[in-house]
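2 protein chains.
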Amino acid sequence: MRIEYTLKKKDKNTEARHGSIKTNYGEYETPMFMPVGTKATVKGLSKEELAAVGRGIILANTYHLWLRPGEDVIDKCGGLHKFMNYEGPILTDCGGFQVFSLIQNKEKDITEEGAKFKSHLDGTELFLTPEKSIEIQNKLDSDIAMSFDECPPYPVTYDYMKQSVERTIRWAERGKKVHKNDHQALFGIVQGGEFTDLREYSAKETVKLDFDGYSIGGTSVGEPKDVMYKMIEDGVRYLPEDKTRYLMGVGDPIDIIEGVIRGIDIFDCVLPTRIARHGQAFTRTGKINLNNAKYITDMSKLDPECDCYTCQNYSKAYIRHLITTKEMLGGRLLSIHNIRFLIKLTEELRKAIDEDRVLEYREEFIKKYSKKSP
Amino acid sequence: MRIEYTLKKKDKNTEARHGSIKTNYGEYETPMFMPVGTKATVKGLSKEELAAVGRGIILANTYHLWLRPGEDVIDKCGGLHKFMNYEGPILTDCGGFQVFSLIQNKEKDITEEGAKFKSHLDGTELFLTPEKSIEIQNKLDSDIAMSFDECPPYPVTYDYMKQSVERTIRWAERGKKVHKNDHQALFGIVQGGEFTDLREYSAKETVKLDFDGYSIGGTSVGEPKDVMYKMIEDGVRYLPEDKTRYLMGVGDPIDIIEGVIRGIDIFDCVLPTRIARHGQAFTRTGKINLNNAKYITDMSKLDPECDCYTCQNYSKAYIRHLITTKEMLGGRLLSIHNIRFLIKLTEELRKAIDEDRVLEYREEFIKKYSKKSP
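If you're matching them up, the sequences are chains A and B in order. Numbering follows the numbering used here, with no gaps: position 354 of the first sequence is 354. Numbering follows the numbering used here, with no gaps: position 44 of the second sequence is 44.
The set of hints was computed from the structure by calculation and includes no laboratory data.
25 angstroms max Cα-Cα, derived DMTMM-like pairs, lysine to aspartate or glutamate: (1) B:Lys294 <-> A:Asp72; (2) B:Lys208 <-> B:Asp197; (3) B:Lys82 <-> A:Asp298; (4) B:Lys180 <-> B:Glu112; (5) B:Lys177 <-> B:Asp212; (6) B:Lys301 <-> A:Glu48; (7) A:Lys47 <-> B:Asp307; (8) A:Lys39 <-> B:Asp298; (9) B:Lys326 <-> A:Glu125; (10) B:Lys294 <-> A:Asp122; (11) A:Lys326 <-> B:Glu48; (12) A:Lys132 <-> A:Asp182; (13) A:Lys326 <-> B:Glu125; (14) A:Lys230 <-> A:Glu348; (15) B:Lys82 <-> A:Glu305; (16) B:Lys326 <-> A:Asp75; (17) B:Lys9 <-> B:Asp242; (18) A:Lys301 <-> B:Asp72; (19) A:Lys294 <-> B:Asp75; (20) B:Lys139 <-> A:Asp298; (21) A:Lys139 <-> B:Asp298; (22) A:Lys301 <-> B:Glu87; (23) B:Lys326 <-> A:Glu48; (24) B:Lys82 <-> A:Asp307; (25) B:Lys326 <-> A:Asp72; (26) A:Lys76 <-> B:Asp298; (27) A:Lys177 <-> A:Asp210; (28) B:Lys132 <-> B:Glu107; (29) B:Lys301 <-> A:Asp72; (30) A:Lys47 <-> B:Asp298; (31) A:Lys301 <-> B:Glu48; (32) A:Lys326 <-> B:Glu87; (33) B:Lys76 <-> A:Asp298; (34) A:Lys106 <-> A:Glu125; (35) A:Lys47 <-> B:Glu48; (36) B:Lys47 <-> A:Asp307; (37) B:Lys47 <-> A:Asp298; (38) B:Lys326 <-> A:Asp122; (39) B:Lys344 <-> A:Glu48; (40) A:Lys12 <-> A:Asp226.
Construct the complete structure from the given sequences, taking the supplied hints into account.
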């Protein structure tokens, strides 16, 4: 099997939808937040901890695994699941976003053939093409692969974006042709920046290629929030109802709610684990920073409404101590909490969809979340 | 209650003894290896993982907790157990070893009153006395506190060591006088370096002060192995049979066996977690370094004889990948394995004592352990 999306219930006031995705490793409900395991490990969490926070699909990065340990190593070890000993669905990205975000402009050259650039690790010349990206992902043997795309920065000119979108569609077609892993789904990516007609063009042409799911790319690259929300609307509008819709790289709680309202099913982001390592935690009343001295003897939990392992066991005072003394348990406890926070948010959104009260949920959430931190 | 040692069985050929220690948090068998939780966390392990590797007592460092977050903070949070949310026995050291090991000679001044030195963190002037050490440990509220001692380097002159030993005994007496925590045991420390008569003097005088247990200090400070083993013999000889004997800072597998043979009950060391963070693992055939390229596609477990979580779940190839990409799960998996390795060693030693075959056990272990690494 590859992947199967079932729409279970639509919110009557918005585009929000409660669905489920059948994968090689079980069926999971959407909206869903996917924890990011950049280098074949979700930073700070074991597979048991991931299960406990309610994970569905997790994401691994093709670019990073291509560099280390290499797709042939993982292939020899029996694929990503065996390599990680992970019994759950894994999505791999295409590497395009890392070319955009990790490599400086003067170190990369994007042509019709693909992206030529220097490794962020050691400066080695690398060449990633649509075919190569799919070949790597085939070898990694993830459950969902992504088409290779260009992710331009914000803003670029209309002309640049038009050419980029047309090329990304040609790249999608090339990738699809070489995709050879019959238990791996392949998603197409809608680009087009903030240009409504280019988003329409990109979505329609990508859908014509008939992928197993679609993602909205090119958001969270520096654009204002209202532009991002419009990008989502402009892309989702043309996507088929019976396929999964994935908004890449989005993990801010309010952005997740806004994405769900616009019809998005799955999200991923490094935010919860990255801010954890810097001592920050999501709470219902906003983000808090555990480095703050006011927590030094605060024996209360991070968030009284949270059901995660961290909140069931540890106080702000102890976590603050671990963070300020750079003890690894600190980042781990905050990562568990922050990922659980986003997954719980999607669980609540599913319920709100079932009850046709997504707009009320958004209002209540934002009102509380914008309060002064405790 | 404070602490109660029960001797269950002595090996007929050596001084090795199988016993048990009753603590505020349950009864645990000896010989025992205590994982080190320097700053109120055993690096890399949660309390559930510590339970799974079979921990008994764990150790926390008075010096580090005195500096951060401070004993008053921990006191306000309800003591170390509440602060860490840890339901198991905790031993705190006295801080003397850190003055010896972390502070350069020119930055410290040891007088009859105590040790004046500069913080290794920020150079602040600090003054640790026998009374202060006990006062801090009382506030930390550990289950076992250690007397404040001087730990001289190796070698020092006979005269220096004689004066140091005499002072350490006076310090032990001063500390015992101010010890006010009636559910906290207090151990005395035998010093004396490599001088047999000073070890005898130190042991006898310390025992006269009637502590709840005794430790052999001043080993692993640069002396050759045979000197260290003699230091243990020279100290243990005069210790009462009905009290716990603790060899501080020893965690090399062979040294643990040699210590047990000489009558030691408990050990502690940062070695298993420290080498883990550098990519090294104990195995029955010797230490291996996961950074080694030969493990890149090695899907076998670290040690086929090991029953730990890491060996039940992960391969050398995956752990090598985590270590070389500096992913925190790597140090965690190796820490779990290495601590389990030493705890399993003590479990096997208990069995060997019951069967009067400690010497055979040593021979078999060393023969295998000195083999070429796999």
